[in-house]
Amino acid sequence: METQPVEYPPHDPPSGGVADDDTLQRAQRGDLPAFRVLLRAQKSRVFSMALRILGNSADAEEVAQDVFLQLHGAIAQIATGEHLKHWLLRAVSHRCIDRLRSQGSRPRLVPMAALPEDALATAPDASGDHLAIAQVHRLLPELAAEARAVLLLRYQEDLVPSEIATVLAIPVNTVKSHLRRSLEWLRAQLAGDSHGS
Amino acid sequence: MDLEQLLRAAFALRAPKADFEDVVMARVATARAPVVRGSASRRVLVGTVLAVAAAASMVAVQLMRAPAPAVAVTSSADVDFAGTDASSSPPADVMLPGAERIQIPRSAFMAGESPPVAQRTATTDAPVAVKPFTVRMQPLRNEASELDARAAIDLYYTSLVAGLRAVPGLTLVELEAADTGASAPGEFRLIAFGSAPQPQKVMLGISEGAVEMPGGGVGTRFAMQRIVDVVPTCSNAPLNSAERASCNDPVSVAAAMVDTLRTRIFPPDPSLRQYLQARLTDARLDPNLRLKALTDLLPQKGMGNAPSPKLDDAAVCAAAELAAKSPDALVRARVWQALRGAAHADLLQPLVSAARDDADSDVRLQAVVTLAADFAADESARAALQSIARDDSRALVRALAQRGLNGDAAWKDYVVSSLKDTNRPITERMEAFMYHMYQPSPGGGVLISLDSRRILDDEVIKALGKALPQAASLPDVRRMSPQLVGDIAQVKTPAADAVLAELLEPGNGPELRRAIVTQLTRRSSESRVRAMLEKIRSGDADPQLRQMAEQALSGKPLAEVSPGVTLMPPLPPR
Chain Z
1 METQPVEYPP HDPPSGGVAD DDTLQRAQRG DLPAFRVLLR AQKSRVFSMA
51 LRILGNSADA EEVAQDVFLQ LHGAIAQIAT GEHLKHWLLR AVSHRCIDRL
101 RSQGSRPRLV PMAALPEDAL ATAPDASGDH LAIAQVHRLL PELAAEARAV
151 LLLRYQEDLV PSEIATVLAI PVNTVKSHLR RSLEWLRAQL AGDSHGS
Chain P
1 MDLEQLLRAA FALRAPKADF EDVVMARVAT ARAPVVRGSA SRRVLVGTVL
51 AVAAAASMVA VQLMRAPAPA VAVTSSADVD FAGTDASSSP PADVMLPGAE
101 RIQIPRSAFM AGESPPVAQR TATTDAPVAV KPFTVRMQPL RNEASELDAR
151 AAIDLYYTSL VAGLRAVPGL TLVELEAADT GASAPGEFRL IAFGSAPQPQ
201 KVMLGISEGA VEMPGGGVGT RFAMQRIVDV VPTCSNAPLN SAERASCNDP
251 VSVAAAMVDT LRTRIFPPDP SLRQYLQARL TDARLDPNLR LKALTDLLPQ
301 KGMGNAPSPK LDDAAVCAAA ELAAKSPDAL VRARVWQALR GAAHADLLQP
351 LVSAARDDAD SDVRLQAVVT LAADFAADES ARAALQSIAR DDSRALVRAL
401 AQRGLNGDAA WKDYVVSSLK DTNRPITERM EAFMYHMYQP SPGGGVLISL
451 DSRRILDDEV IKALGKALPQ AASLPDVRRM SPQLVGDIAQ VKTPAADAVL
501 AELLEPGNGP ELRRAIVTQL TRRSSESRVR AMLEKIRSGD ADPQLRQMAE
551 QALSGKPLAE VSPGVTLMPP LPPR
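Chains as they are written, first to last, in this note's numbering: chain Z, 1 to 197; chain P, 1 to 574.
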């Protein structure tokens, strides 16, 4: 099968942005309100990653809580706002992957009645692609945990493969391989779905 | 839409539930609290905290619970602050039964000063034995009617319980509502009450059961009582602003309360002491945090636990270094004040230097008082005090150096004579009196004792009455005016009431007049007071004052008519 080249254009970071250094420094001095500011800015990023890797919001909230608790204990090690973002993405990815592995979770087919909560919560968009978005959410749990994490880091967080490799501590070629295979598989599945198969 | 666009649309960020932040902050504050899985409906509120006094009703309730008849309790006046207005009441120290003083430190009310529990956990996990103890906690009575207030109070209480569960050695027993039984020796009892008349306030009281009382016998010791205000005064501030950063939310406030209980009320925790000492000696830490560590390390008089051990050499050295090098004069002053009583030989020379040479007169003042208190017999200290008493540029510093040399009698003469001396600037007339009555505490609160009130004889009150109209605008006087008029009102002599009547005249400031009416409400059954209130009700130009007088004369709680000047309501029966 012929594959299309994957490009990695720069994108604006998703909402949440990067913490300013002053807030970070105050949090490092034990300032709880400053830590709350960091939490507020980063919670959606961390929760969304967890939700899409784990597939349900209760587990995602628990993991996200654990990540921020871990962050509080390690806040002194964070050098910059950018470092904070990557630290959080690494922590949530690893925790989710570990959790799925410890549960013996494998890729599985998800019946329509048991769509991931993210798919159920997707609002219709103006372009009429909400059905396709729901299909993505339905298909996502069928990918291996690490592949899910790679896909999310690429398309939720707009990281390039080298950054994803750093976050997940895997070779960059593995990242590219995951991306290529996942996109091929998704494209095929969506094409099949669109034809009613 | 191509696949990559589709994926970006599908992976738009999703926010967790509304209570996520609160749950995380509660877990951060408690470190080892169990995970809460998103069902509880908590509200994000930002609050600020003030410390005020205990209600007389708390005394009554605790008296009923006291297991032994020989309960030593001071009169309600000793624990009863009035004018608990958030804008005017400073953090304060409250007299305890047995004429002991309890300090309500400002540190508990400052954002970010609470040491991170997650870091502390590492210390508390150290294999150092903590004496086991029990806290019996009665269920929260949340009578606030507003949704936000109820949520804030609930969150505060939940965080408090979670924090207490994480305290090493503490067994938390949550009681049934009807359980008002006596505490066993060494046990603590804690009640929390969310007030309906004063929304977004929580009254917290903790007592220690069956302790030996100073006058003999066994009784219940009131370890600490506070009113916590969870009004989100900073909620409109931008997220990243300094104003927002200085706000506290109920979770932070609860964490600070747990810290205070651990350091001041509960049995000493050696691992916590190690942690605090490490913070004090950490020169990279913010000076304010080091100061807080120092004040938490020092022995606390009048607390429920045994006195803490004295500072060791390393801690003394670190404190002296902090006092010498901190660029913040307030920190330097508070360090010297906090070190009062340490009487460590290594402090003598740094104290002499600070007392003589510090550029800030408040720092010199605190250094002088500590020097006089701890080294009065030392020749070099006395020589320094003599030169300061002669040469310092500030009259109060000179007077305090004289006090160190000549004792209290001369000091009190100075306080009275300076108050009467109309040739002095009003600031100078008032500052010795205010210092005598309301000394600042190292934690930023105010120390109030029965002894200081003894200076309020008729002569002093008359002099005060003449000075106050002019002095009412001075920041320190204005800040303490509710307490000051309350102290005058409690003298209850004709001369004192005449001064209050003069100060009630329309030419004086509205804040001062409202504070006086608030105080007189407590004596509204007395004919002399009723006459003053009748005069206000019948013809005063200030409608709020008229309403307050009307309310006071009818015997209704003042809080219902004057949200700015409030009294702590009595604790309703369970």
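FYI, nobody ran anything at the bench for these hints, they're computed from the structure. Hints are supplied without guarantee of correctness; some may be wrong.
[Said to hold, decoys possible] With beta-carbon atoms standing in for the labels, derived distance ranges:
no., chain 1, residue 1, chain 2, residue 2, range
1, Z, T174, P, E4, 13 to 21 angstroms
2, P, R165, Z, G73, 33 to 41 angstroms
3, P, R478, Z, A74, 30 to 38 angstroms
4, P, V173, Z, R181, 38 to 46 angstroms
5, P, R165, Z, D20, 45 to 53 angstroms
6, P, P139, Z, R101, 41 to 49 angstroms
7, Z, Q25, P, P494, 54 to 62 angstroms
8, P, Q5, Z, R101, 51 to 59 angstroms
9, Z, S162, P, D312, 18 to 26 angstroms
10, P, K310, Z, S162, 33 to 41 angstroms
11, P, V173, Z, E142, 45 to 53 angstroms
12, P, S387, Z, A74, 22 to 30 angstroms
13, P, R165, Z, A169, 55 to 63 angstroms
14, P, A15, Z, A79, 25 to 33 angstroms
For each residue, glycine too, the CB sits at the ideal point set by N, CA and C.
Do the hints match the structure? See the list:
1. Z:T174 with P:E4: 13 to 21 angstroms: Since the Cβ atoms of Z:T174 and P:E4 sit about 20 angstroms apart, the hinted range of 13 to 21 angstroms holds.
2. P:R165 with Z:G73: 33 to 41 angstroms: Once the Cβ atoms are compared, 19 angstroms apart, the range 33 to 41 angstroms for Z:G73 and P:R165 is violated.
3. P:R478 with Z:A74: 30 to 38 angstroms: 45 angstroms, violated
4. P:V173 with Z:R181: 38 to 46 angstroms: 58 angstroms, violated
5. P:R165 with Z:D20: 45 to 53 angstroms: 35 angstroms, violated
6. P:P139 with Z:R101: 41 to 49 angstroms: Since P:P139 and Z:R101 have Cβ atoms about 42 angstroms apart, the given range 41 to 49 angstroms holds.
7. Z:Q25 with P:P494: 54 to 62 angstroms: 60 angstroms, holds
8. P:Q5 with Z:R101: 51 to 59 angstroms: For Z:R101 against P:Q5, whose Cβ atoms are near 31 angstroms apart, the range 51 to 59 angstroms is violated.
9. Z:S162 with P:D312: 18 to 26 angstroms: 52 angstroms, violated
10. P:K310 with Z:S162: 33 to 41 angstroms: 57 angstroms, violated
11. P:V173 with Z:E142: 45 to 53 angstroms: For P:V173 and Z:E142 the Cβ distance comes to about 50 angstroms; the hint holds.
12. P:S387 with Z:A74: 22 to 30 angstroms: The hinted range 22 to 30 angstroms is violated for P:S387 and Z:A74, with Cβ atoms some 53 angstroms apart.
13. P:R165 with Z:A169: 55 to 63 angstroms: At 36 angstroms between Cβs, range violated.
14. P:A15 with Z:A79: 25 to 33 angstroms: 27 angstroms, holds
Checked against the numbered hints listed earlier, the structure breaks hints 2, 3, 4, 5, 8, 9, 10, 12 and 13; every other hint is satisfied.
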